[in-house]
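Chain Y is fixed; fit chain H onto it per the hints.
One line per chain: the protein sequences are Y and H, in this order. The numbers in our numbering rise by one with no breaks, and the one at position 91 of the first sequence is 91. Each number in our numbering comes from the position in the second sequence (counting from 1) with 1000 added on.
Since the hints were derived computationally from the structure, they do not count as laboratory data. For clarity, every value in this text was computed on a predicted model and none was experimentally measured. Wrong hints could be hidden among the right ones.
[As the list claims (entries may be wrong)] Within a straight-line C-alpha distance of at most 27 Å, the following computed DSS-like cross-link-like pairs (lysine-lysine) qualify:
1. Y/171 - Y/188
2. H/1039 - H/1132
3. H/1039 - Y/171
4. H/1030 - H/1132
5. H/1132 - H/1038
6. Y/171 - H/1030
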Amino acid sequence: MSRIGQAISEIQTLESVSREDRWMNRIHPLSKLCLTVFYIVLTVSFSKYDLAGLFSMILYPAIAFMTADLSVRDAFRRLRAVLALVAVMGIANPFFDRTAILSFGAFTVTGGIVSMISLFMKAVFTVFAAYLLIATTPMDDICYALRLLFVPRILVTLLLLVYRYLTMLMKEAGRVTDAYLLRAPGQKGIHFRAWGPLAGQMLLRSADFAGVLYESMLLRGFTGEFRPTFRHSLKASDLLWPLGWASVLILLKLFPLVSVLGRLVTGNWN
Amino acid sequence: MHMADALVSPAVAGVMAAASATAAVVSVYKVSQEDNRKKIPLMGVMGAFVFAAQMINFTIPGTGSSGHLCGGMMLSALLGPWAGFLSMIAVLLIQCLFFADGGLLALGCNIWNMAFYGCFLGSLLIWRPIMKNGASRLKILIASVVGCVVTLQLGAFSVVLETLVSGITELPFGVFAAAMQPIHLAIGLVEGLITAAVLIFVYEARPELLWGIDTQKENRMPIGATFGVLGGAAAVIGGGLSLLASSLPDGLEWAIGRVAGVEELESAGTGAYAAAESVQESLSFLPDYAFKGSESVLGTTVSGIVGALLVLALLICVAFIIRAFRKKQQASTEE
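Just chain Y, with the same shape it has in the complex:
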C-alpha cells in the first residue's frame, strides 16, 4: 500500500475504533484529555536514571488498553514516527555517559545505557497514552473538550475543517500521484519538471473547493463556528476514572512500587 493509502487507512481505522460503543469511549473527552496530559507530564518528569520508578508507569497504559480492548500492535506501529529522533539521541548516550552504575560480574551497566533505556521507555509510554486518547475519543469530542478548556473557537473550527477535508484531499493526492506514476512507470516520486504543475493544480482545485465549501456552509446556516457536542450524558465514571488514575499515578511517582516489590521478593532491604 502507498504511503498516502496507508495514512488514509490509519485515519479511517482510528475514526471507526473511536466511534465504537465501549465503556472507555463513553467517558467524557475532557476527563480523558486531562488524564492523558497528566500521565505524559508525570512520565517524562522521571529522572533519566530512575528505571524502576518509570517502569511502574506501565500500569496505566496496560490496564487502559485491556479496558478499552485496543490493539497493542497498532500502538507499536505508531512508534515508527518518533523512533528516528529518539534513537539518534538515545543511542548516543552510552558513548558519552560511561559512569558505571551497576555491575553483574564482568558486565558493567553505565549511566548512558540506563538513560537510553529510560528514553525509549518514555517514548513508548507517551505514544501509547496519546493512542489511548485518540482511539477512544472521536475528533469531534476532542474539539468539544478543547472548547471547554477555552481554546479559541477559530482554532477549534479550523481543526475540525482540516480533519474533515484531510481524507478527501489525501485521496485526491493519491489519485494524482497514481495517475502520474502510471504514465511514468519505474520512476520513483515526481520528476522535478512536474513539481509545480502537479501540486500547483491540486492547490488551485483546493482553493476553488474552499469557495464552494464556504457557500454551502452559508446555506446551512454557518455563523463562523462549529459547535461540537458530546453525545453522552455526564456520569460518575467521567470523574472517577481520571481522579482514580491521577491518585494512583501520584502514588507511583512518590512511592517506588517496583523497587519495593523487588526487595520483597529478594529479601534484600539494604
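What follows is chain H alone, placed relative to chain Y:
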C-alpha cells in the same frame, strides 16, 4: 523534526507551550480583526492541502531520495502569517494525534520550531520584504529557498537547544548541532525548491491567491538587488561553506597518488612548464586556497569569497554577451 514527548522535560515543554500559545492568541486576534468569514474555510482546506501534499514524494534530481514541500512557508505565502500559523497548529495537532508525529506535551515545541519560524520569520522577514516591489518568478524562488533554509535551520537549532536544556541526551552541544544543522540545510534547500515550484505555478495561474503580493506593481527585481542577492549568496557559499571543504585529496590527486605515489607530479622545470609555472605564481595571490606562506582559515575563507566572486563576474560577462547576441539576432529577424 517533530519532537516526541520523551525528548522534552515538563519545564521546557511548559515554556514552549506558553510561547506558542501567546503567538496563537495574537494570531487569533489578528484573524478575527480581518472579519473575513470566507477565510476560515480557506484556511481549513489549505491546511488539509498542505497535509496531503506533504505525502507526495518529489524526486530530487541526481539522488535516489525524495522530499516534500515546506508547510510553514507554503501556508504563510498563501494565507499570511497569522492565518498560516493557525492552520499550521491544526496540521501539527492532527499529525500528533493521528500519526504520533510529535508528542502531545511537545506540541508547544513543535509549533514553535515548525510553525512560528516558518510563518512569522519566513513571511514577515523574508517573503514580504522580497515581494515589496512586486513579485516575479526569481523573487518567489529566492524567497522560498531562503525562507525554507533559514526557518529550518532555526527550527533544527531549537530542537538542539530544547533537548539539551531538557537534559535528555548526553550528546555535547557541538556534536548535536553539527549533526542536525547540515542535514537540515540540505532538506531546507530541497523543500525550498519544491515550495518555490508550486508557488511559481500559483503565481502564474492565479497571483491573487498569494499573500503580500501587489500584482499591479512592476514585478522585475532591480538589477542592484539581483547582484546584491547573487553576491551575498556567493559570499556565503564561498566564505562560509568553503570551511567545510575536505582536506583530503580530490579525485585526480587521489588517482595520481595511487599510480605515482605522490598527490602532485613535479614538473620538468624547463621550457613551457617553467614559463607557465612562473606566470601562475605571479598571478595567483592565494595559492592552494590560502594566503602565500600561510595555512590559515582566514585565507581559505577569503579565497572562497574571491573565487566565488570571480566566477560570478565571469557569469555576468557571459550573460551580457549572450543578451547582446540575442538582441542583435532579434533585430536582424525583425528586419
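For which of the previously enumerated hints does the structure constitute a violation, in increasing order of number? 6
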